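*Asks:* Between the sequences and the hints, there should be enough to build the whole structure, so can you do that?
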Amino acid sequence: MQPSQHINLEKARALIVDDNHQSLDLLVGVLTSFGLRNIIRKESGREARDELEFRQVDLILANAQLPEIDGYDLIRWLRREADEASRMTPAIIVSAHTRRSQVEKARDCGANFIITKPISPTVMLERILWVARSDRLFIETESYVGPDRRWRNAGPPIEFPDGRRRDDQSIELSDGEGLNMSQDELDMLIKPLRSLA
Amino acid sequence: MTDAPVASQVRKIRMRPRLAQLMAEKSGGMYVAEALKRADATLETLREPSLTGIDELIVALDALLAAELEAAARIEGLYQLAANIVGLCGAERNAAVQVAARSLCELLDEADGLTPSTLAGIKVHIASIKLLHRAPDNPALQGPILQGLASVLEKRRAEGHGQG
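Just so you know, the sequences run in chain order A and B. The opening position of the first sequence corresponds to residue 1 in my numbering, with each subsequent residue numbered one higher. The opening position of the second sequence corresponds to residue 1001 in my numbering, with each subsequent residue numbered one higher.
It is worth saying that the hints were derived from the structure and are not from the lab. Among these hints, one or two may not hold up.
Across the chosen pairs, the derived CB separations fall in these ranges [claimed, not checked]:
(1) 1116(B) to 133(A): 48 to 54 Å
(2) 1044(B) to 5(A): 19 to 25 Å
(3) 1140(B) to 84(A): 54 to 60 Å
(4) 5(A) to 1160(B): 43 to 49 Å
(5) 1063(B) to 103(A): 27 to 33 Å
(6) 50(A) to 1025(B): 26 to 32 Å
(7) 38(A) to 1110(B): 38 to 44 Å
(8) 133(A) to 1070(B): 43 to 49 Å
(9) 56(A) to 1154(B): 45 to 51 Å
Listed next, the stretches of chain B that the computed footprint assigns to chain A, with coverage defined by at least 3 CB atoms under 8 Å from CB atoms of chain A [what the hints assert, rightly or not]:
(10) 1010 to 1019
(11) 1040 to 1050
(12) 1088 to 1094
Pairs of lysine-lysine residues, derived as DSSO-like cross-links and limited to a Cα-Cα distance of at most 30 Å, are as follows [claimed, not checked]:
(13) 1012(B) to 11(A)
(14) 1130(B) to 1155(B)
(15) 1155(B) to 105(A)
(16) 1026(B) to 11(A)
(17) 1012(B) to 105(A)
(18) 1123(B) to 1155(B)
(19) 11(A) to 1037(B)
(20) 1037(B) to 1026(B)
Bear in mind that the values here come from a model prediction, so they are computed numbers and not experimental data. Even glycine gets a Cβ: it sits at the ideal position worked out from N, Cα and C.
*Replies:* Given below as structure tokens:
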């Protein structure tokens, strides 16, 4: 993202979902500053789903934690059950903290991105520019429906130029734990299993 | 003879979001630098309301901790309040409140009931958030507090593994 890059969100319509009205104000404030004029505010996943059932939007920002239908389930529903015109709508989840029990759900819900709170305008705008790109594939399988999660062709987001996130383990190898295996034990491990041949 | 298992179907569709077309329109809009400047100015106007919101959330944390509710409901409520603090703490002049509130979320997410040890951990976190809230950025003062919270979480995890 370059400072001299031109953006135009004036005609876009966004749906923002957050059950905390102050967080909602922050999100709406940032998006309005980016030039978005048409913003629909909802405070629950159910209200957002009802909205999406009869109105198409260009961008969805949903808090992960929501009453009744959470943000992950909302996007999962959108990708799998919403009408054809809405299914591929760019969708970003905003989360203060991801519960351990929800890591897989978050990964597989089909959102284009998950952004951590508190909101940073730079990160938010970068993500919006990213999801607006039209060169991505939409994948449909039994276990996953959503944008292609592989970065191979598009490269990682700009703040992770080496493809590593800040909480990834160190690339340096640590000292091994426990006793080393003997050469005989190693040979045994890679020896062809004749009995199965 | 048995048939080989059918590979699951994978359908790939080229995405063409309407957002891309709208954003490319030349009439109107603004430059990225201007958008970010305006967003920072907007967040500045929302700074005091956000800090007041954190004041209220801290009061709510204390009240819920003292409430006579079943443990699971208290843990869930405290978790929501801590998560809401994380959401608003961009308004703080230091990043330490964010670290402390997120650490409290971790502690509550991993809590298996309100044991004396977990309760003590929650109280230490709330006390730390109170100390850090509205404080100027001072790593020399904030560092030891955050290290203490990291130790609390680590100790609680070690106890959890010991029980498991």
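*Asks:* Each hint needs a verdict: does it hold in this structure or not?
*Replies:* Structure-based check of all given hints:
no., hint, result
1, 1116(B) to 133(A): 48 to 54 Å, "52 Å, holds"
2, 1044(B) to 5(A): 19 to 25 Å, "23 Å, holds"
3, 1140(B) to 84(A): 54 to 60 Å, "58 Å, holds"
4, 5(A) to 1160(B): 43 to 49 Å, "48 Å, holds"
5, 1063(B) to 103(A): 27 to 33 Å, "31 Å, holds"
6, 50(A) to 1025(B): 26 to 32 Å, "30 Å, holds"
7, 38(A) to 1110(B): 38 to 44 Å, "41 Å, holds"
8, 133(A) to 1070(B): 43 to 49 Å, "48 Å, holds"
9, 56(A) to 1154(B): 45 to 51 Å, "48 Å, holds"
10, 1010 to 1019, "holds (count 10)"
11, 1040 to 1050, "holds (count 8)"
12, 1088 to 1094, "holds (count 4)"
13, 1012(B) to 11(A), "28 Å, holds"
14, 1130(B) to 1155(B), "22 Å, holds"
15, 1155(B) to 105(A), "28 Å, holds"
16, 1026(B) to 11(A), "12 Å, holds"
17, 1012(B) to 105(A), "22 Å, holds"
18, 1123(B) to 1155(B), "15 Å, holds"
19, 11(A) to 1037(B), "21 Å, holds"
20, 1037(B) to 1026(B), "20 Å, holds"
The structure shown violates none of the earlier numbered hints.
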